[in-house]
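Engineer: So the chains spell out like this:
Number of protein chains: 2
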Amino acid sequence: MSEFIDQNFKVPEPVLRRLPWYLAYAKQTAACGETSLSSTQIAKDLNIDASQVAKDLSYVNISGKTRVGYDVSMLAKELEKFLGFANRHNAFLFGVGNLGGALIQDSGLAQYGLNIIAGFDVKYEMAGMRINQIPIHHMDRFPELCRQTKTEIGILTVPVEFAQRVAEQMIAGGIKAIWNFTPYRIRVPEDIIVQNTSIYSHLALMFNRLSAMDKNK
Amino acid sequence: MSEFIDQNFKVPEPVLRRLPWYLAYAKQTAACGETSLSSTQIAKDLNIDASQVAKDLSYVNISGKTRVGYDVSMLAKELEKFLGFANRHNAFLFGVGNLGGALIQDSGLAQYGLNIIAGFDVKYEMAGMRINQIPIHHMDRFPELCRQTKTEIGILTVPVEFAQRVAEQMIAGGIKAIWNFTPYRIRVPEDIIVQNTSIYSHLALMFNRLSAMDKNK
Chain A
1 MSEFIDQNFK
11 VPEPVLRRLP
21 WYLAYAKQTA
31 ACGETSLSST
41 QIAKDLNIDA
51 SQVAKDLSYV
61 NISGKTRVGY
71 DVSMLAKELE
81 KFLGFANRHN
91 AFLFGVGNLG
101 GALIQDSGLA
111 QYGLNIIAGF
121 DVKYEMAGMR
131 INQIPIHHMD
141 RFPELCRQTK
151 TEIGILTVPV
161 EFAQRVAEQM
171 IAGGIKAIWN
181 FTPYRIRVPE
191 DIIVQNTSIY
201 SHLALMFNRL
211 SAMDKNK
Chain B
1001 MSEFIDQNFK
1011 VPEPVLRRLP
1021 WYLAYAKQTA
1031 ACGETSLSST
1041 QIAKDLNIDA
1051 SQVAKDLSYV
1061 NISGKTRVGY
1071 DVSMLAKELE
1081 KFLGFANRHN
1091 AFLFGVGNLG
1101 GALIQDSGLA
1111 QYGLNIIAGF
1121 DVKYEMAGMR
1131 INQIPIHHMD
1141 RFPELCRQTK
1151 TEIGILTVPV
1161 EFAQRVAEQM
1171 IAGGIKAIWN
1181 FTPYRIRVPE
1191 DIIVQNTSIY
1201 SHLALMFNRL
1211 SAMDKNK
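Here the protein sequences come in this chain order: A and B. Per our numbering, the very first residue in the first sequence carries number 1; after that it's consecutive. Per our numbering, the very first residue in the second sequence carries number 1001; after that it's consecutive.
Since the hints were derived computationally from the structure, they do not count as laboratory data. Only a predicted model underlies this, so the values are computations on that prediction, with no experimental measurement involved. Just so you know, even glycine gets a beta-carbon here, dropped at the ideal spot from N, CA and C. Careful: at least some of the hints might be erroneous.
Subject to a maximum C-alpha distance of 30 angstroms in a straight line, what follows is the list of computed DSS-like cross-link-like pairs (lysine-lysine) [to be verified]: (1) A:Lys215 with B:Lys1176; (2) B:Lys1215 with A:Lys215; (3) A:Lys150 with B:Lys1215.
Partner residues are not named here, just some residues of chain A that face chain B (Cβ under 8 angstroms, in silico) [unchecked claim]: (4) Lys27; (5) Ser38; (6) Leu103; (7) Gln105; (8) Val160; (9) Gln195; (10) Ser198; (11) Ser201; (12) Phe207.
Take the sequences, apply the hints, and build the full model.
Structural biologist: Here it is, written out as structure tokens:
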């Protein structure tokens, strides 16, 4: 069935959230020396309905064998391809502060297909620096470098009070997809993709659950 | 109304996800020199229903004045307190690889109340190192240091194939809340808090939306 599904159509968000779990699970299974994996086994270990797992995996160009299941390394490979992790996507990063600097240092992102090719900051003293081999430029150079490199992805890690303004500059310069790490809800035109990753709101959740637990002891 | 709500009870997750937006917005408003802010204004700029904003803010120990609204700096201060960002929560980090090393370097986490006091890794050559002033120990030392420091929060940044095993070691050593940055769905006992922050699944979403957009051009 999956060969009829165009890989470029908009896969439902819940499916795209679950597929990386299967990839992680397949990698772990492979690391344990297993060669095959059934959707029932995935379902049991990840606590997801088996029919859901099969349905999710039907989006991906892979088929399991009856009574044997999926070939583990093939499953991992196809999932990586499907999720875009096997391609190289160039990205710019905006705001080389604490979190921005940390993300530039995270070479792990490249393993998932995200290749940060430059960082931008408004601090003139940062221009010309390199972090993890990646050049840092002054923000003024962004429109020119965006045209030259046709970069479509921008990572937003500026202080929260500049989030909206910098997002607008990014869009004006040619960025099509913004990975927003600030807790600010940026407003963008309809044709711009925004992915919010608010790690600090996750912290708030964890703190609240911990203090509720301490209280109930 | 808010004074009757115990700050330590379990605040609904959607509320805890929205409150940081209001905090970010209040900070931005303060940076622009404004001193007061109404829930109508917050609602309009963040594209949320005004009654929802007022309801969310009723959890927090702050009251607005009729026709004037909230005092901006007070609102920001109370939100920070309520969200746990004003307290200091000690944490250990497990797996000082790319992402783990990056998070240790992110001094921004401390501004949100998370204080990483040590990192652990299984690589013996890393023991004794310091990153951003934070000591790195061999994993063997974790149970002893956890007892000594009574650390309850553990950040999980090991390679995906070790996620489950290390999570179990963390729990056995005394960790109560796991901030899981791996894409692996760890299984834990009921009384353990897990917060999943899967930044790579956000990447997959963004890649898919971008390629769907390119296709439809």
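Engineer: Next, verify each hint and record whether it holds.
Structural biologist: Structure-based check of each hint:
1. A:Lys215 with B:Lys1176: Judged against 30 angstroms, a Cα distance of about 14 angstroms means the pair holds.
2. B:Lys1215 with A:Lys215: violated (53 angstroms)
3. A:Lys150 with B:Lys1215: holds (17 angstroms)
4. Lys27: With a minimum Cβ separation of about 5 angstroms from chain B (threshold 8 angstroms), the hint on lysine 27 of chain A holds.
5. Ser38: Violated. Min distance 17 angstroms.
6. Leu103: holds (6 angstroms)
7. Gln105: holds (5 angstroms)
8. Val160: This interface hint holds because 5 angstroms falls under the 8 angstroms limit.
9. Gln195: holds (4 angstroms)
10. Ser198: Check passed: Cβ of serine 198 of chain A comes within 6 angstroms of chain B, closer than 8 angstroms.
11. Ser201: With a closest approach of 4 angstroms, the serine 201 of chain A hint holds.
12. Phe207: holds (3 angstroms)
Violation of the numbered hints given earlier is confined to hints 2 and 5; the remaining hints are satisfied by the structure.
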